[in-house]
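If you read the protein sequences in the order shown, they are chains A and B.
Residues in the first sequence are numbered from 1 upward in steps of one, following the numbering used here.
Residues in the second sequence are numbered from 1001 upward in steps of one, following the numbering used here.
Computed footprint of chain B on chain A; a stretch qualifies when at least three of its residues, placed anywhere within it, have a C-beta under 8 Å from a C-beta of chain B:
{"id": "1", "region": "137 to 148"}
{"id": "2", "region": "151 to 159"}
{"id": "3", "region": "162 to 170"}
{"id": "4", "region": "192 to 206"}
Beyond 12 Å from chain A on every Cβ pair, some chain B residues (computed):
{"id": "5", "residue": "1015"}
{"id": "6", "residue": "1016"}
{"id": "7", "residue": "1031"}
{"id": "8", "residue": "1035"}
{"id": "9", "residue": "1036"}
{"id": "10", "residue": "1039"}
{"id": "11", "residue": "1042"}
{"id": "12", "residue": "1044"}
{"id": "13", "residue": "1046"}
{"id": "14", "residue": "1047"}
{"id": "15", "residue": "1048"}
{"id": "16", "residue": "1049"}
{"id": "17", "residue": "1074"}
{"id": "18", "residue": "1115"}
Not the full set, but computed from the structure, chain A residues with beta-carbon under 7 Å of chain B:
{"id": "19", "residue": "60"}
{"id": "20", "residue": "126"}
{"id": "21", "residue": "212"}
Keep in mind the hints are simulated off the structure, nothing from the lab.
By construction, the Cβ of each residue, glycine as well, lies at the ideal position given by its N, Cα and C atoms.
Number of protein chains: 2
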Amino acid sequence: MKVSNDQSGAVPMRMSELSRRSGVSVTTIKYYLREGLLPAGRRLSATQAGYDEDHLRRLRLIRALTGVRGLPVSAARDVLGALAEHAGDTHSLLGLTLGSIRLAEESADDSPEPAEVDSLIQELGWDVHKSAPARSALAETLTSLRTLGAPLDRRALLSYAHLAERTAVLDLDQLDGIEDPLEVAERALLLTVLLEPALLALRRLAQENESAQRHAES
Amino acid sequence: MKVSNDQSGAVPMRMSELSRRSGVSVTTIKYYLREGLLPAGRRLSATQAGYDEDHLRRLRLIRALTGVRGLPVSAARDVLGALAEHAGDTHSLLGLTLGSIRLAEESADDSPEPAEVDSLIQELGWDVHKSAPARSALAETLTSLRTLGAPLDRRALLSYAHLAERTAVLDLDQLDGIEDPLEVAERALLLTVLLEPALLALRRLAQENESAQRHAES
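Only chain A is shown next, with the shape it has when bound in the complex:
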């Protein structure tokens, strides 16, 4: 194996090795480089660049965001950008992360009813920004359910919100005891975004169990 002449720091990886270790194809790595998701490697020669452990870690994060979480590449880039800019301030990072990710496909012809969500948040006493995109995502879903003749009543909505409060406490508890600010930020991002499919999966399994229990009783 050819070793780079540039000996500053660890021996850089060639793209083929980065591909092998990350499990991401060379074609896809080149795409991420073009799209700005992955920072350029260190120039080794006119035709060769070198990559390091940061590139590997970043590739794993991109794979997690676009694969498991199913985010479009543009949204993943926004998340990674927010992570880099606000590494030291978990609260800002959380806000920006939530701000940069769409919760669902846009449905432009729906007419959300933010008033209902505003009054819910007021009743809960939650301290959240007026512009949080989760507000409109919530309003859109409530409108859809109503349009389809299956509206969610206020009492049920409040009960779901109280369970969300307890979930959020658990979420933020996961950040306790981590010292390094960058690690706190990255963990916050992972918990916010990556845990979503796991929470939905747990809900579905719990529904199946609950349905089985009620079915057996009747």
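Fit chain B to the given chain A structure using the hints.
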């Protein structure tokens, strides 16, 4: 407006009226017809078909599944198929609905660890099928978090699962008091699939609030 000569039942809608009332373009309606998401209209003449309120309701449901929930058309078709086949049996419908929807993009090169999920479900005492796709979705996320150096410990996972249990009780409570079996089935589907973005939105709002509280304290 030209009225059909066929007078069996209500006056059928022409496609233009179906488009206007549903807010879905004629092009998109034709696409749903081709893809089998929407049943064919009643033949009025060699070139005209008539549509009824069932078509309108079905179109709204397709819009909700593909728009708000962001499901691919093929997954929406599976969901609608399951709904039609198992209208009378809520428990089977739930099982099939959960079975027909992927929770996240496939990430074929991940190696899920079903043993961890199996033992979790055993510890919880949940009655769920061995083949429930939510199992592998959960395993994939846990593997991703571990790969990224942010594993979720067993105690936290159990806490999230207990919150999911309470969410599922709320979910199934929403079906109480509905008599019509088809309505029970449709409501179950809507709650399972459509409520997901709302629950994730509530979690993000609750996180922002919880983060603001902890930030203010320190």
